[in-house]
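These protein sequence lines map, in sequence, to chains H and E. The numbering used here puts the first sequence at residues 1 to 113. The numbering used here puts the second sequence at residues 1 to 114.
Don't take each hint at face value.
Okay, derived cross-link-like pairs now, DSS-like style, lysine-lysine, Cα gap no bigger than 25 Å in a straight line [as the list claims (entries may be wrong)]:
id : chain 1 : residue 1 : chain 2 : residue 2
1  : E       : 42        : E       : 68
2  : E       : 1         : H       : 11
3  : E       : 1         : H       : 70
4  : E       : 42        : E       : 1
5  : E       : 68        : E       : 106
6  : E       : 101       : E       : 1
7  : E       : 68        : E       : 1
8  : E       : 101       : E       : 42
9  : H       : 57        : H       : 11
10 : E       : 106       : H       : 57
11 : H       : 57        : H       : 70
12 : E       : 109       : H       : 57
13 : H       : 53        : H       : 70
14 : E       : 42        : E       : 109
15 : H       : 57        : E       : 1
16 : E       : 106       : H       : 53
17 : E       : 1         : E       : 106
Computed Cβ-Cβ distance ranges for the label pairs, DEER-style [said to hold, decoys possible]:
id : chain 1 : residue 1 : chain 2 : residue 2 : range
18 : H       : 50        : E       : 67        : 42 to 48 Å
19 : H       : 5         : E       : 3         : 30 to 36 Å
20 : E       : 76        : H       : 77        : 23 to 29 Å
21 : H       : 111       : E       : 28        : 27 to 33 Å
22 : E       : 79        : H       : 67        : 34 to 40 Å
23 : H       : 14        : E       : 79        : 45 to 51 Å
24 : E       : 29        : H       : 7         : 36 to 42 Å
25 : E       : 113       : H       : 50        : 41 to 47 Å
26 : H       : 38        : E       : 5         : 15 to 21 Å
27 : H       : 50        : E       : 39        : 43 to 49 Å
In short, the hints are calculated from the structure, not lab data. Glycine is no exception: its CB is placed at the ideal position from the N, C-alpha and C atoms.
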Amino acid sequence: DAGITQSPRHKVTETGTPVTLRCHQTENHRYMYWYRQDPGHGLRLIHYSYGVKDTDKGEVSDGYSVSRSKTEDFLLTLESATSSQTSVYFCAIRAGFGTDTQYFGPGTRLTVL
Amino acid sequence: KQEVTQIPAALSVPEGENLVLNCSFTDSAIYNLQWFRQDPGKGLTSLLLIQSSQREQTSGRLNASLDKSSGRSTLYIAASQPGDSATYLCAVWGAEGGSEKLVFGKGTKLTVNP
Numbered sequence: 001d002a003g004i005t006q007s008p009r010h011k012v013t014e015t016g017t018p019v020t021l022r023c024h025q026t027e028n029h030r031y032m033y034w035y036r037q038d039p040g041h042g043l044r045l046i047h048y049s050y051g052v053k054d055t056d057k058g059e060v061s062d063g064y065s066v067s068r069s070k071t072e073d074f075l076l077t078l079e080s081a082t083s084s085q086t087s088v089y090f091c092a093i094r095a096g097f098g099t100d101t102q103y104f105g106p107g108t109r110l111t112v113l
Numbered sequence: 001k002q003e004v005t006q007i008p009a010a011l012s013v014p015e016g017e018n019l020v021l022n023c024s025f026t027d028s029a030i031y032n033l034q035w036f037r038q039d040p041g042k043g044l045t046s047l048l049l050i051q052s053s054q055r056e057q058t059s060g061r062l063n064a065s066l067d068k069s070s071g072r073s074t075l076y077i078a079a080s081q082p083g084d085s086a087t088y089l090c091a092v093w094g095a096e097g098g099s100e101k102l103v104f105g106k107g108t109k110l111t112v113n114p
């Protein structure tokens, strides 16, 4: 599992509230990713990071922001949660120089009421 | 833009059968291809990684092949078991020196019946 943890694992919140999801890795990987997974859409990339303070947008970045102040932590923030952001969120890392294997965290199930 | 397609979307087989899952991609200039397994309510588990210079990889009862020129990969599962029931996803990294992102297919949901 490449030492990836996500917190919280489950969260229920109300529309309009801010939410921050945390991804933590223990193996010093440079690249980290946030995805959301929804029925019928599969896995979609939200944001990714290629180093401390270096981030870029994915295909569904609207309404989300990220921060990476330390190599081991990658935070995903929903500034004002909406019901359309109800989803399962996965963090991943890119490991293995030259082999580029991606490993995933256990996921966070977020429900926005 | 790279697109990854997996057919069929769902597959049901009896236990013991050998089966093949298909993955196709539109841009053959890929770096690596990775197969994942996802159990219901769980995260993705990496099964096999095929580098662009390789044609196949094997792990136990799993064998994945890659044909870059035709834009296709297959995952062969031998002697299927009920424990193999899961969703299988294929994903590709972009061209060498290029993309930093994986592009995923939507998966094939496999059910192996006892």
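Hints, verified against the model:
1. As the CA atoms of residue 42/E and residue 68/E are separated by approximately 30 Å, the hinted pair breaks the 25 Å bound.
2. Proximity of residue 1/E to residue 11/H is assessed by CA-CA distance (about 34 Å); at most 25 Å being required, the pair is judged violated.
3. With a C-alpha separation of about 32 Å, the suggested pairing of residue 1/E with residue 70/H is violated against the 25 Å cut-off.
4. Pair hint residue 42/E plus residue 1/E does not hold up; C-alpha atoms about 29 Å apart against a cutoff of 25 Å.
5. This hinted pair checks out: residue 68/E and residue 106/E have alpha carbons roughly 20 Å apart, not beyond 25 Å.
6. Annotation: proposed proximity of residue 101/E to residue 1/E holds, straight-line Cα distance about 12 Å (limit 25 Å).
7. Taking the CA atoms of residue 68/E and residue 1/E, the gap is near 16 Å; set against the 25 Å cutoff, the hint holds.
8. In summary, the hint linking residue 101/E to residue 42/E is supported, as the alpha carbons are separated by about 22 Å, within the 25 Å threshold.
9. For a cut-off of 25 Å, the pair hint linking residue 57/H to residue 11/H stands: about 24 Å separates their Cα positions.
10. At most 25 Å may separate the alpha-carbon atoms for a hinted pair to count; residue 106/E and residue 57/H meet this at roughly 21 Å.
11. As the CA atoms of residue 57/H and residue 70/H are separated by approximately 19 Å, the hinted pair is consistent with the 25 Å bound.
12. Annotation: proposed proximity of residue 109/E to residue 57/H is violated, straight-line Cα distance about 29 Å (limit 25 Å).
13. Under the criterion of a C-alpha separation no larger than 25 Å, the hint pairing residue 53/H with residue 70/H is consistent with the structure, at around 8 Å.
14. With a CA separation close to 14 Å, the supplied pair residue 42/E and residue 109/E stays within the 25 Å bound.
15. Distance hint between residue 57/H and residue 1/E is fulfilled; the C-alpha atoms sit about 16 Å from each other, no more than 25 Å.
16. For the hint pairing residue 106/E with residue 53/H, the CA-to-CA distance comes to about 31 Å; that exceeds 25 Å, so the pair is violated.
17. Straight-line distance between C-alpha atoms of residue 1/E and residue 106/E comes to about 16 Å, which keeps the hinted pair within the 25 Å bound.
18. Taking the beta carbon of each, residue 50/H and residue 67/E are about 30 Å apart, not inside 42 to 48 Å as hinted.
19. Look at residue 5/H against residue 3/E: about 32 Å separates their beta carbons, and that is inside 30 to 36 Å.
20. For the hinted restraint 23 to 29 Å between residue 76/E and residue 77/H, the CB-CB distance of approximately 42 Å leaves it violated.
21. As the Cβ distance of residue 111/H to residue 28/E is approximately 41 Å, the hint placing it in 27 to 33 Å is violated.
22. The hinted range of 34 to 40 Å is not satisfied by residue 79/E and residue 67/H, whose Cβ atoms lie roughly 47 Å apart.
23. For the hinted restraint 45 to 51 Å between residue 14/H and residue 79/E, the CB-CB distance of approximately 50 Å keeps it satisfied.
24. The beta-carbon spacing between residue 29/E and residue 7/H, approximately 38 Å, falls within the hinted interval of 36 to 42 Å.
25. For residue 113/E and residue 50/H, the hinted distance range of 41 to 47 Å is satisfied, since their beta carbons lie about 44 Å from each other.
26. The hint said 15 to 21 Å for the Cβ distance between residue 38/H and residue 5/E, and at roughly 18 Å that hint holds.
27. Taken as a hint, the range 43 to 49 Å is violated for the pair residue 50/H and residue 39/E, whose Cβ atoms sit roughly 30 Å apart.
Comparing the model with each earlier hint shows violations of hints 1, 2, 3, 4, 12, 16, 18, 20, 21, 22, 27; every other hint is respected.
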